[in-house]
Each structure stands twice: as C-alpha cells, then as structure tokens.
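Chemist: These are the residues of each chain, in order.
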Amino acid sequence: MTENSSSVVGRTAIEAYLDSVEQALFTAHAPRGDRIQVLQDLESQIADMLATGPQPLTEETVQSVIAKLEPPSHFAATYGSGKDPRQPWVTQITRRSLIRWPLVAALSCACLTVGCLLVLIASATSVNGPVVLFTILMLMVGCMLTPLALWKAIKQIQAQPERSRDCGLVLKSALVYCVVLPVLLMGCIIFATHGLIFVPLGLGALVYLQYLVVRRVQRHLSGILPKQPIDDATPQTAALSVGTGMSVPAT
Amino acid sequence: MPTSTQIEQWSTQLRKGLAELCVLAAVDRLGEAYGYQLVQFLTDHDGLALTESTVYPLLARLAREGQLSVTSAPSPSGPPRRYYRITAAGKRSLESMLQHWTAVGSSIKKIICYGSKQETKS
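Chains as they are written, first to last, in this note's numbering: chain F, 1 to 251; chain C, 1001 to 1122.
There's no promise every hint is true.
[What the hints assert, rightly or not] With the C-beta cut set under 8 angstroms, the calculated list includes, among others, these residues of chain F facing chain C:
#1 D34
#2 Q37
#3 E43
#4 A47
#5 E60
#6 I66
#7 A67
#8 L69
#9 F75
#10 T78
#11 Y79
#12 S123
#13 T125
[As the list claims (entries may be wrong)] Chain C side only, calculated, beta carbon under 7 angstroms to chain F, not exhaustive:
#14 R1029
#15 G1031
#16 G1035
#17 Y1036
#18 Q1040
#19 H1045
#20 A1049
#21 T1051
#22 E1052
#23 Y1056
#24 A1060
#25 P1079
#26 R1085
[Said to hold, decoys possible] Residues of chain C placed beyond 10 angstroms of chain F at every Cβ, according to the derived structure:
#27 E1008
#28 D1046
#29 L1048
#30 S1053
#31 R1082
#32 S1093
#33 L1098
#34 Q1099
Because the hints were derived from the structure by calculation, they are not lab data. The beta carbon of each residue, even a glycine, is placed where N, CA and C say it ideally should be.
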C-alpha cells in the first residue's frame, strides 16, 4: 500500500477524531489559540504513533492508534463543563447593572404589610371583588417573594461589598417580615377556627408561664436560703432518711 | 470506609492539582521537548497518569500565559512538531510551586509521623 493511499484511508478517521476534539474544545469555550495548539500537538502525536506502528499503514492500524487516545470530551475537561469561562464576570456585570435585591426585598415586604392592612380594612368594611383580589395578590407577592428577595439580597451584598449600604434595608425588611408573617398566619388560623385556637394557645401559654414562675421562685429561694449542711451521713443513710422521713444514726 | 471509586476520584483530583507543576518541571528538566515526548515522559512515572487530554491543553495555556515558549520544527513522521521550552516567568512559577510543594510535603510528613508516634505510645 503506497503512502498516499494509506494516508487517504487513515486520514478520514484521523480527521474525524480531530474534528471531535475540536468540537469538544469549542463547546467548552476554549480559546481559539488553545484549540489550534492542542490539535497540532495531537496530530503530531498521531503521526508519531503511526510511524512507530506496524507498516504499511492500514485502516485497522489507524483505528487502533485512535482507540488508544483519550476520548474527545476529556480534552475539554480543563476548560470546565462547557460553560463560558467569561460567564462569571458577565453574570457579575449583569447582576451589578440590573436587579437591586435589597430594594426588591423591601418592596415585597411593603406589599405584605399593605396587604395585611387591606385585610383589616376589608374585614371592617364591605369591599368588592377587585379589592379582595388585589389584597390577595399583595399578600401572595409579599409572602413568597420576600424570603427569596432577602436571600438574593444577602448573596448580592456578600458578593459585592460596595453594596453594604443596603444592609440596613435588608435587616429592616427581615424584621418586618418576621413580625408580620406570624401575625398574618395567626389571623388566618383564628379566622379558620372561629377563635377556638385561643383555647390550646391559652393553655400552652399558661403552662409556660407556670414553668417560668416555678423556675424563678426556685432560683430566688436557692439564693436566699442557706445551703443544707453536709453531715457525716453516708449517701445511703442520707437517702434513707430523706425517703422515710426518719433519722438514721450514722455508722 | 472509602470505596475504591472514592479513592480513585481523590487520586484524580490530586493529579489534576499537580499537573501544572509536573509539566513545568518536566519541560525544565528536558530543556526542550515536544508534546508527545512530554506525555511519554510523564506517563513513564508511576502515579501521575497524565494523559494527552490533560497535558496538551495545559501546554497551550502555559504558552498563552508566557510560561512556555513554542517553536515549530519539521518532523520526520508527519506534521511539524511544536517544541516547548520554559521561560523566565515559567521558571519563577515553577520555583514558587516547588516551594509550596516542599512545605506541603513537609507538613504532611510531620502529621503522619505524629500519628505514628501516638500509635507507638498507645
């Protein structure tokens, strides 16, 4: 087999492999210069491997050499998983120029507060459908968007310290959300249970108050009363005397 | 108990972290070498298993960063070969990496020796 014919036979497989490698590098956004250099080195390696292999070259020989090489996708591993290496900077620039998440959090928290006020007004007066719908919309936006916006705002401030002036806004929004949402939920529960929720809540509050009182009294008495003197009684006799109320002579 | 797959993954990550050091050190040691020559040199050393898919992109990046210089020369077996040589910037990077490598290796050795001493005492 002449060199020309063998190079024609093997060339198709070699070029197919090199094209696959180039496609993988292109997909991984490898720089053009890198792609060219990698392909040149690879082509040179294939030529060296073929030169040291059995002669004359056959299609099977070329295929066996290509089979020894790494899969095309492995060449792109250095450049990540196919994402644009410029993307983090692009994303940062995009985020810097567009959404100001602390402001979004504050606005959505304001929606929640306004929604609560509208609920109070609606319960006191007879309102028509659009107002009710608007109220529900405000409540839904406030309830669902605020935590997401707060999380995004925190991430944004952590990534961009120059936005630290928005920390106060985030803190206030978080506090208002933590106060308003439980009140809103309690209101819904009260409405749903026609006030019966107050019974278990009241009992729970009473038990907790009793616990606090008992603990406070115990601490107060422990502080003002003298400590019990330690006598010669053994732990067992001490335990017996305590349990039976009788004094057991020390042994 | 780590599985063999986990150990293999750890080993792969370890080799990836050392690839740049190994490539620069290999080029520095060989003086001037082409891509396949470097791949063969590195694969001859047990534990590294640096293949062409790792070495060639790394060579391209190092050349782009100016740590390696590239010259083309005719090849007896096919297309021109690209010969790599370390530059002054590459040497500085290599020295810095070797310092870190020495420090890390020393620390690990101390930790391992400390652990051995504890086992001996107990």
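Chemist: The structure should be examined with respect to each hint, and the outcome stated for every one.
Modeler: Here's how the hints hold up against the structure:
1. D34: 4 angstroms, holds
2. Q37: At 4 angstroms from the nearest chain C Cβ, Q37/F passes the 8 angstroms test, so the hint holds.
3. E43: Hint holds; E43/F Cβ to chain C Cβ min 5 angstroms, cut 8 angstroms.
4. A47: Holds, about 3 angstroms.
5. E60: This hint is violated: E60/F lies away from chain C, its Cβ roughly 19 angstroms from the closest one there, beyond 8 angstroms.
6. I66: 12 angstroms, violated
7. A67: 14 angstroms, violated
8. L69: Since the shortest Cβ distance to chain C is 7 angstroms, the answer is holds.
9. F75: Result: holds, 5 angstroms to nearest chain C Cβ.
10. T78: Since the shortest Cβ distance to chain C is 4 angstroms, the answer is holds.
11. Y79: It holds, given that the least Cβ distance between Y79/F and chain C is near 7 angstroms, below 8 angstroms.
12. S123: 60 angstroms, violated
13. T125: 66 angstroms, violated
14. R1029: 19 angstroms, violated
15. G1031: 18 angstroms, violated
16. G1035: 4 angstroms, holds
17. Y1036: Y1036/C check passes; min Cβ-Cβ to chain F is 4 angstroms, inside 7 angstroms.
18. Q1040: 9 angstroms, violated
19. H1045: Violated. Min distance 18 angstroms.
20. A1049: This hint is violated: A1049/C lies away from chain F, its Cβ roughly 11 angstroms from the closest one there, beyond 7 angstroms.
21. T1051: T1051/C check passes; min Cβ-Cβ to chain F is 5 angstroms, inside 7 angstroms.
22. E1052: 6 angstroms, holds
23. Y1056: 4 angstroms, holds
24. A1060: 4 angstroms, holds
25. P1079: 5 angstroms, holds
26. R1085: 15 angstroms, violated
27. E1008: 15 angstroms, holds
28. D1046: Per Cβ check, D1046/C is outside 10 angstroms of chain F; nearest 19 angstroms; holds.
29. L1048: The assertion about L1048/C holds, with a minimum of 15 angstroms to chain F.
30. S1053: Violated, since 4 angstroms does not exceed 10 angstroms.
31. R1082: It is violated; R1082/C is separated from chain F by about 6 angstroms at its closest Cβ, not greater than 10 angstroms.
32. S1093: 17 angstroms, holds
33. L1098: Label holds. Min Cβ-Cβ 22 angstroms, cutoff 10 angstroms.
34. Q1099: 24 angstroms, holds
This entry does not satisfy hints 5, 6, 7, 12, 13, 14, 15, 18, 19, 20, 26, 30 and 31, going by the numbered hints stated previously.
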